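Q: Protein chains in written order, with this note's numbering: chain A, 7 to 599; chain B, 7 to 599; chain C, 1294 to 1585; chain D, 1294 to 1585.
Think of the hints as simulated: they come from the structure by calculation, not from any bench.
These numbers were taken from a predicted model, which means no experiment stands behind them.
Heads up, the beta-carbon is just placed ideally off N, CA and C, and yes, glycines get one too.
Treat the hints with caution; some may be incorrect.
[Said to hold, decoys possible] With a straight-line Cα cutoff of 27 Å, these simulated DSSO-like cross-link-like pairs (lysine-lysine) come out:
| # | chain 1 | residue 1 | chain 2 | residue 2 |
| --- | --- | --- | --- | --- |
| 1 | D | Lys1572 | A | Lys246 |
| 2 | B | Lys53 | D | Lys1315 |
| 3 | A | Lys555 | B | Lys577 |
| 4 | C | Lys1546 | D | Lys1533 |
| 5 | A | Lys405 | D | Lys1319 |
| 6 | C | Lys1482 | C | Lys1448 |
| 7 | B | Lys579 | B | Lys531 |
| 8 | B | Lys53 | D | Lys1533 |
| 9 | D | Lys1578 | C | Lys1448 |
| 10 | C | Lys1546 | C | Lys1315 |
| 11 | C | Lys1578 | B | Lys151 |
| 12 | C | Lys1489 | C | Lys1308 |
| 13 | D | Lys1546 | D | Lys1489 |
| 14 | A | Lys577 | A | Lys531 |
| 15 | B | Lys53 | D | Lys1319 |
| 16 | A | Lys555 | B | Lys151 |
| 17 | B | Lys577 | B | Lys531 |
| 18 | B | Lys246 | D | Lys1517 |
| 19 | A | Lys555 | B | Lys360 |
| 20 | C | Lys1572 | D | Lys1448 |
| 21 | A | Lys53 | C | Lys1434 |
| 22 | A | Lys508 | A | Lys579 |
| 23 | D | Lys1572 | D | Lys1482 |
| 24 | D | Lys1482 | D | Lys1319 |
| 25 | C | Lys1315 | B | Lys163 |
| 26 | C | Lys1308 | C | Lys1319 |
| 27 | A | Lys88 | C | Lys1572 |
| 28 | D | Lys1434 | D | Lys1448 |
| 29 | D | Lys1319 | D | Lys1489 |
| 30 | B | Lys508 | B | Lys531 |
| 31 | D | Lys1482 | D | Lys1448 |
| 32 | B | Lys246 | C | Lys1572 |
| 33 | D | Lys1517 | D | Lys1489 |
[Claimed, not checked] Ranges of calculated distance between the beta carbons of each label pair, as one might list FRET restraints:
| # | chain 1 | residue 1 | chain 2 | residue 2 | range |
| --- | --- | --- | --- | --- | --- |
| 34 | A | Ser414 | B | Thr412 | 50 to 60 Å |
| 35 | B | Pro465 | A | Glu580 | 53 to 63 Å |
| 36 | D | Thr1544 | A | Ser414 | 56 to 66 Å |
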Amino acid sequence: MTKDDLVIRIGGESGEGIVTTGEVFARIAAFTGLDIYTVRTIPAEIKGGHVMFQLRTAPHRIYSQGDELNMLLAFNQEGYDKHHALLRPDGLLVYNSNELTPPDDGRMHFGLPLNELARQIDFMRGKNIIAIGALVKFFDLPYEKARQVVETHLGRKGGELLRQNLVALETGYKYVAEHGYEEPPFHLEGPARERDNRLVISGNQALSLGALAAGCTFYAGYPITPASDIMEFLAAQLPKVGGTMIQAEDEIAALAMAIGASFTGARAMTATSGPGLALMIELLGHATATETPVVVVDVQRAGPSTGMPTKVSQGDLRLAMYAANDDAARFCVAPVSVEDCFYQTINAFNLAEKYQLPVVLLSDQDMSVRMETIPPFDMSRALIEPRLLANLDGNGRGKYERYALTESGISPMSLPGMRGGQYTAEGLTHVPSGAPDYTPEWHRAMMEKRFQKLRSARPDIQRWRMLEEWGDEDAELGIIGWGSTIGPVREAMEMARAHGIKSAAIYPKCITPLPDEELRLFIAKHPTVLVPELNYTGQFAHVLRARYKQDFIRLNKYEGVPFLASEVFEKIKEIHMTMERSLFMSIPIKEMV
Amino acid sequence: MTKDDLVIRIGGESGEGIVTTGEVFARIAAFTGLDIYTVRTIPAEIKGGHVMFQLRTAPHRIYSQGDELNMLLAFNQEGYDKHHALLRPDGLLVYNSNELTPPDDGRMHFGLPLNELARQIDFMRGKNIIAIGALVKFFDLPYEKARQVVETHLGRKGGELLRQNLVALETGYKYVAEHGYEEPPFHLEGPARERDNRLVISGNQALSLGALAAGCTFYAGYPITPASDIMEFLAAQLPKVGGTMIQAEDEIAALAMAIGASFTGARAMTATSGPGLALMIELLGHATATETPVVVVDVQRAGPSTGMPTKVSQGDLRLAMYAANDDAARFCVAPVSVEDCFYQTINAFNLAEKYQLPVVLLSDQDMSVRMETIPPFDMSRALIEPRLLANLDGNGRGKYERYALTESGISPMSLPGMRGGQYTAEGLTHVPSGAPDYTPEWHRAMMEKRFQKLRSARPDIQRWRMLEEWGDEDAELGIIGWGSTIGPVREAMEMARAHGIKSAAIYPKCITPLPDEELRLFIAKHPTVLVPELNYTGQFAHVLRARYKQDFIRLNKYEGVPFLASEVFEKIKEIHMTMERSLFMSIPIKEMV
Amino acid sequence: MAIQIGSAMISAPVKLAPNEYKSEIKPIWCPGCGDFGVLSSFYKAVSELGIPPEQMVVVSGIGCSGRFPAFVEAYGFHGVHGRALPLATGVKLANPDLVVCAVGGDGDIFSIGAGHLPHAARRNIDITVIVLDNEIYGLTKGQPSPTSPFGMERKASPYGSIDRPINPIMLALTYGATFVARGFSSRPKETTELIKQGIMHKGFSFIQVYSPCVTFFDTYAHFKEVTAPLPADHDRSSLKAAMEQAMDARTLKLGVFYEEIGPSYEDSVRELRERAMAKPFDLQKLMAAFRV
Amino acid sequence: MAIQIGSAMISAPVKLAPNEYKSEIKPIWCPGCGDFGVLSSFYKAVSELGIPPEQMVVVSGIGCSGRFPAFVEAYGFHGVHGRALPLATGVKLANPDLVVCAVGGDGDIFSIGAGHLPHAARRNIDITVIVLDNEIYGLTKGQPSPTSPFGMERKASPYGSIDRPINPIMLALTYGATFVARGFSSRPKETTELIKQGIMHKGFSFIQVYSPCVTFFDTYAHFKEVTAPLPADHDRSSLKAAMEQAMDARTLKLGVFYEEIGPSYEDSVRELRERAMAKPFDLQKLMAAFRV
Ligand SMILES: Cc1ncc(C[n+]2csc(CCOP(=O)(O)OP(=O)(O)O)c2C)c(N)n1
Ligand SMILES: Cc1ncc(C[n+]2csc(CCOP(=O)(O)OP(=O)(O)O)c2C)c(N)n1
Ligand code: SF4
Ligand code: SF4
Ligand SMILES: [Mg+2]
Ligand SMILES: [Mg+2]
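Turn these sequences into a full structure, and let the hints steer you where they fit.
A: Right under this line is the structure:
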């Protein structure tokens, strides 16, 4: 069976190497020229518990995890029980025949005696590598490429472990070849790619590279799932550029350190997840009041509170946009994909530095951990906007004023070490020099000054194209979304088009301030608007309603897992039918609390 | 001159006893049967700096600070410079003639040689008491009453200090009588009040009494302006009812302690201001996830960040309503006046306990510190709603389920000590027993369960009349507000009516969830709606726009001081004129960021 | 027959086997994790003390160790990261007749929760703190913690950690904890004894238990080598002696370093309350004091 | 002529009178506040050390004491309550050639900021912490702080405080601070000397200065009575001796309790960075490592 798009899911017990199986196989697929898109669920248990890894692979760009399975590889009974319902009627079930005997259900079945095979090669821990070998055969991928990937990723050259792994790979491959699938059930071929420079990368990795490209030299962090690997990545890299990564005693200290570093001129960042961001709210407001640039990454996970640390949510939008005691101007940036994590991190740094305000960058668990093939980064888009520094020699006009009122709201900043630029960064209401002052006039002036900067930034946000817009110009139905839902939405729209339903979509990546003109225009062209979100209350829909004073149709999922393209498509169909039946007036909006 | 409403402002250096002058004179006025309403500004300096105290007094209920001065008492030059512009043309300027000589401006002037008089009675620290005596004469208040108040508030019976104070009082009184004002320039008479049981009280005091009336037995807090005196009040009182007040090491610990206490069944509270609330966001979400009742008071002050700790703002609305990692159901209650602080605190406790959720109670600096005369509290409104406890003997149906799904969303709660009720309060997503569980279904179910409680609470919110509504039924213009702006709005509407402009107003006191039916009805009746707020971005207007999808006219003040009635009135007039001129279509709304 | 457990008055001790203190939730720790040993010692300790499950509250923060309460048949509170101590303080203050234990990891108690330990200790509130010290962040997959050795290489410290570790026993002594002890999960009998004594002690009990993380920092062999019981003649009533033992860098001593008998926070609260309650309280009267 | 101040390399010392370190902002403290004395000592210390104003950063939290930076002609950072230490850590790490001081009150550093002190100290980062200890919350008008005496009656503790005070010097020693000293604002000469030494010390310097609050807790007479210089033969290189002096409850010793000479955090960071930078960094190459 040749398809241009295949989805395989692997299920089994944590500790059996499920993720390794999936990741290595995904890398093999990528190495043969295919694109890949992975997703995983990690158990609540610390060790043990059920793990799921899913790979979608195709010879073209992929935007979502895939809805139905072409193949299920069940390492144990639970792996079968949990997932077999998603297997297509024409799908293939592969199972560890030493662990389970699935009932006949009319679908193709193939038993792989993983335990036995591992015993035969005297490498019990190698079951998952045997499975990789089997997969390579099932998918008809070139064995030599598989071998190369295993050599790069599964052991040191010449080492015993690598030798064993290669034996295991071959064992799996051969077993399938010899037991019924000499002719593989699936065949996928990657497009011939000259000098293949695509990357296999996760969102957190792309984000970390973005930070480096943006000139970040200081990172302070505190471990938290699913943001820790940003810290770990930068721990290795920052010292190489003369920068610093410090693991702080908590998130409050982490942000404080980043702010302190930024005060001296460093491009500084911290990353956390929702619980950590919740702890940073007081200091975030202080960064606003003192006009100190800083980038705060929030890799969103399902809450509230501890919630489900390894599951996705888009529930921190309001926290990121608004949480502060009293009104605090700040930017909020939301990348939409693994690839985009790179570019938006650069934008986040540039907004922070140029406008001297904190920026919250909202990623999420889904795009942070999933591995994906993406085009190489376009370094011509990685421009560094510097901070506006005070020209102290030039200003013979008396004392330096850190918070001088200007048209743009941006005041030239002096840095410790610059003679004559001494001032005290001040969280109390202050006059331009920084001296505390409680008169109503200055309080108002400084509040307006800070918010003015958000307005001043609009041209940059346009220039940097901090939005994505696509679809049918003449569609009645528009979709406005943010963040990582873009993938399933993109595919759902394609499904819809295949069914003759037109639609258009817009994804702003700068959430504060929103690209107002573009959104107004979009809504004017596409008056029936769907807002899909991975949260309960419809936080973005709420923002849009407050701004555009109209109804939006909402699609909310709050289960810790991303949208399936089919779920979005179903909603599009439903809306379309309502429109068709001319009954469409205003679809009742679920009450917001 | 007899007026039914007088405003006097006192200005001078901190340390000269300005506040004492004002407060004691206010008490004297109250003691004679008049109503009082005070306001003060405290300098940024720790000692020194300019202090202003303003008293409005009238024989009827007063709702705002008063816009123009009938009298200005300037202790020094700055006191004159800062405030004389507000003195009415027919007003009286009284000044310390040993400190300044004001220029002739056509208004009545009276020089009071305070330093000299104090020297004469050999009591230099008594200048402010001499001033009180003078004021008593100026306002033609019964001297005997003044004497009684001084005896109660300014020294121990039989003590030397009290003796000196009484001499000072008489000195001031006599000086005015003998130097030109035998016939006093002002005359105010309190209505005869049989058994006068009005209270002279501040918002924080009313709130603290409300907590006691609501059955609060546990308070943990950390000092912060302007909330500290709640802690200090309860420190003295709670042990008397067998309760506990503990000063924690920070706000995070304070909320943690309150949550821990509530877990055992105590009705628990903490109070703070914006910076402290910002630190509590993570734990607030945990109280939601574990369904632990707790009341968190936020006495709002001007920010962002440290801002102006002694000045007012309504800038924490969004922080109180929404700040959480992922969607967290919680109540948000906002009293509208000093008196209302008592009743809304009781409501807050009852909502927390009955619905097992955290409640944020939003007071503000203005109503928290100002002293006011109010009617005695109506204890028949002080009913205690208990927490729904598990009936463990009754349920022979197996193990106790802390988070049992119910129609209302409320699950009966067991308390430590109750045999068979053991469970672990859990911040991870959990099943009804409390055991952690990451399946999409349970995550969704528990999210819905918690939000269901907000819906279930609506009848109570209606029953408890958590809103105020008044004005002309047939007015085109409606005003929707929240919190302490109610006073100036009320008076502005009276001014408007006097000018033939009709208006109506509604003030919800439960902000989450909002009284939706009432607001819809109100907007339907009064389609042109003004939303006055003491913040920059129009946080409440934003909430309303998201909900009612229409424009609201905004009036925002962000200067650290309350609205004047005249400011609101001017806005009403402006709107009215626009309507009159029939040009009214949609007044452009200031852009929101 | 009521008995006193620390400051708590327990209606009647129960006779339950250690097994019966197991909750229905199975521990989700890695096989071989030190925390299993501490949990067993805990079951044994509370069984031997006869604490009724409903009179006991186990509070924790977040971490592998933070899952502890759910595995105990008792009331439990799984808090947020670092806040076990103030949560436990609230529980105990509101109901002093509960036996309250706070359990946490080295990150939970010494890093993000570091600001609470001095204050809980100096108040001498009667809770028993058990730190499951694996010298690593377990749950977040192996970053250095405040007790990790200098130079430790992990993903978060690829060039070796440059932070010097704290000394938890010295910390507790300095803060004024009135019961300070150290155990090792591989010494279950002794650990049981420490937990029993800690719970029985009236006042703030601090017990550090080495509890190796087999997955991210397997220190079983190391601790077997470097630990030794406190000398038999160690005077646990001497703060100076305790400090000296705690400062010994070569051998990590196990046992009770220090115990000070005296009034606990609950005693002070009770005494204060009695003074306050000497006159009957009347809300109406209090309100009347505000009359014009 | 470049000079070394702690770990900072200062381009050239300046000759400025103490007065010239006064900023244009007048202190807003109550007349008689101890903080004036400490501020004067500070002006004197940095003047004698010849630190160029632009190479110095004074960081603080919130409190009366927190206003300190604004009164100094230098770069300053008036942070939020309790976070002076991590803020200062960020400043120093990002630019080790700055002289960084963190100033705070007893509430700021020991209460809400209590979680940061152990970690700043154990890292041995080269900042000088000056605690203006008035044993009270000054700015919020007189609540007990972690150093307030047991039994203190204030509005927030109307029945007398039941919290036992901490011992700041013991704390700092336990945390591993490498310079630990105590001064008294009424002894300006000595305090100046302590600040000078603290700033010159390479590593974490902790200086507690008694600085009475005339408005809410006037302790001038008290401290005059109970303080005394450390014995002349005190061995500041001995942690044990320092501990013993710190534990003396009758006399509160003034002077340098402890100093340990060794590498500071900056040294470790530098060394680590050198290793990391041995090979030239190439972002393109790093990205290439992610190729399929
Ligand atoms: C506010 C917050 N920050 C960070 C985390 C992530 N986190 C969970 S457990 C943990 C530390 C675990 O180490 P430790 O306390 O030593 O416990 P262990 O897992 O080793 O038992 C961290 C950082 C969190 N849950 N909440
Ligand atoms: C988060 C937060 N909590 C509380 C406060 C209120 N506050 C300001 S200063 C202070 C403590 C002052 O005491 P201390 O640190 O000893 O300084 P001092 O005024 O005595 O110099 C407090 C509690 C605040 N500003 N921010
Ligand atoms: S990761 Fe370590 S601490 Fe956590 S359960 Fe596994 S062995 Fe125990
Ligand atoms: S209140 Fe106390 S600490 Fe604050 S300035 Fe006045 S005397 Fe100094
Ligand atoms: Mg640990
Ligand atoms: Mg202090």
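Q: Decide, hint by hint, whether the structure agrees.
A: Hints, one by one, checked against the model:
For the given pair, Lys1572(D) sits about 8 Å from Lys246(A) by alpha-carbon distance, which is consistent with the 27 Å threshold. Pair hint Lys53(B) plus Lys1315(D) holds up; C-alpha atoms about 20 Å apart against a cutoff of 27 Å. A distance of roughly 23 Å separates the Cα atoms of Lys555(A) and Lys577(B); the hinted pair therefore holds under the 27 Å criterion. Taken as a hint, the Lys1546(C) and Lys1533(D) pair is honoured in the structure, with Cα atoms around 18 Å apart against an allowance of 27 Å.
With a CA separation close to 16 Å, the supplied pair Lys405(A) and Lys1319(D) stays within the 27 Å bound. A C-alpha spacing of about 36 Å is found between Lys1482(C) and Lys1448(C), which places the hinted pair above 27 Å, so the restraint is violated. The hinted pair formed by Lys579(B) and Lys531(B) meets the criterion: a straight-line CA distance of about 19 Å does not exceed 27 Å. With a C-alpha separation of about 43 Å, the suggested pair Lys53(B) and Lys1533(D) falls outside the 27 Å cut-off, and the hint is violated.
Between Lys1578(D) and Lys1448(C) the alpha-carbon distance is near 20 Å, which keeps this suggested pair within the 27 Å criterion. Taking the CA atoms of Lys1546(C) and Lys1315(C), the gap is about 30 Å. The hint is violated against a cut of 27 Å. Note on Lys1578(C) and Lys151(B): the hinted pairing holds, with a Cα-Cα distance of about 23 Å set against a maximum of 27 Å. For the hint linking Lys1489(C) to Lys1308(C), the alpha-carbon distance of about 15 Å falls within 27 Å, and the restraint holds.
Restraint check for Lys1546(D) and Lys1489(D): satisfied, since their Cα atoms lie roughly 19 Å apart, inside the 27 Å limit. Distance check on the hinted pair: Lys577(A) and Lys531(A) sit about 20 Å apart at the alpha-carbon level, within 27 Å; holds. For the suggested pair Lys53(B) and Lys1319(D), the alpha carbons sit about 12 Å apart, so the restraint of at most 27 Å is met. Pair hint Lys555(A) plus Lys151(B) does not hold up; C-alpha atoms about 58 Å apart against a cutoff of 27 Å.
Restraint check for Lys577(B) and Lys531(B): the C-alpha separation of about 20 Å stays at or below 27 Å, so the hint holds. Among the hinted pairs, Lys246(B) with Lys1517(D) is inconsistent with the structure: their alpha-carbon atoms are about 38 Å apart, more than 27 Å. About 35 Å separates the Cα atoms of Lys555(A) and Lys360(B), which puts this hinted pair outside 27 Å; it is violated. At roughly 19 Å between alpha-carbon atoms, Lys1572(C) and Lys1448(D) fall within 27 Å of each other, so this suggested pair holds.
Note on Lys53(A) and Lys1434(C): the hinted pairing holds, with a Cα-Cα distance of about 11 Å set against a maximum of 27 Å. Annotation: proposed proximity of Lys508(A) to Lys579(A) holds, straight-line Cα distance about 10 Å (limit 27 Å). Proximity of Lys1572(D) to Lys1482(D) is assessed by CA-CA distance (about 50 Å); at most 27 Å being required, the pair is judged violated. Between Lys1482(D) and Lys1319(D) the alpha-carbon distance is near 23 Å, which keeps this suggested pair within the 27 Å criterion.
Distance restraint check for Lys1315(C) and Lys163(B): the Cα-Cα separation of roughly 66 Å exceeds the 27 Å cut-off, and the hinted pair is therefore not satisfied. Taking the CA atoms of Lys1308(C) and Lys1319(C), the gap is near 23 Å; set against the 27 Å cutoff, the hint holds. Of the supplied pair hints, the one linking Lys88(A) and Lys1572(C) is violated, its CA atoms being roughly 66 Å apart against a limit of 27 Å. Annotation: proposed proximity of Lys1434(D) to Lys1448(D) holds, straight-line Cα distance about 10 Å (limit 27 Å).
The hinted pair formed by Lys1319(D) and Lys1489(D) meets the criterion: a straight-line CA distance of about 24 Å does not exceed 27 Å. Among the hinted pairs, Lys508(B) with Lys531(B) is consistent with the structure: their alpha-carbon atoms are about 13 Å apart, no more than 27 Å. In summary, the hint linking Lys1482(D) to Lys1448(D) is not supported, as the alpha carbons are separated by about 36 Å, beyond the 27 Å threshold. Distance hint between Lys246(B) and Lys1572(C) is fulfilled; the C-alpha atoms sit about 8 Å from each other, no more than 27 Å.
The straight-line distance between the Cα atoms of Lys1517(D) and Lys1489(D) is roughly 23 Å, inside the 27 Å bound, and the hint therefore holds. Distance hint check for Ser414(A) and Thr412(B): the Cβ-Cβ separation is about 55 Å, which falls inside the suggested range of 50 to 60 Å. Between Pro465(B) and Glu580(A), the C-beta spacing of about 33 Å breaks the proposed range 53 to 63 Å. Range check, Thr1544(D) to Ser414(A): about 60 Å between beta-carbon atoms, so the 56 to 66 Å window is met.
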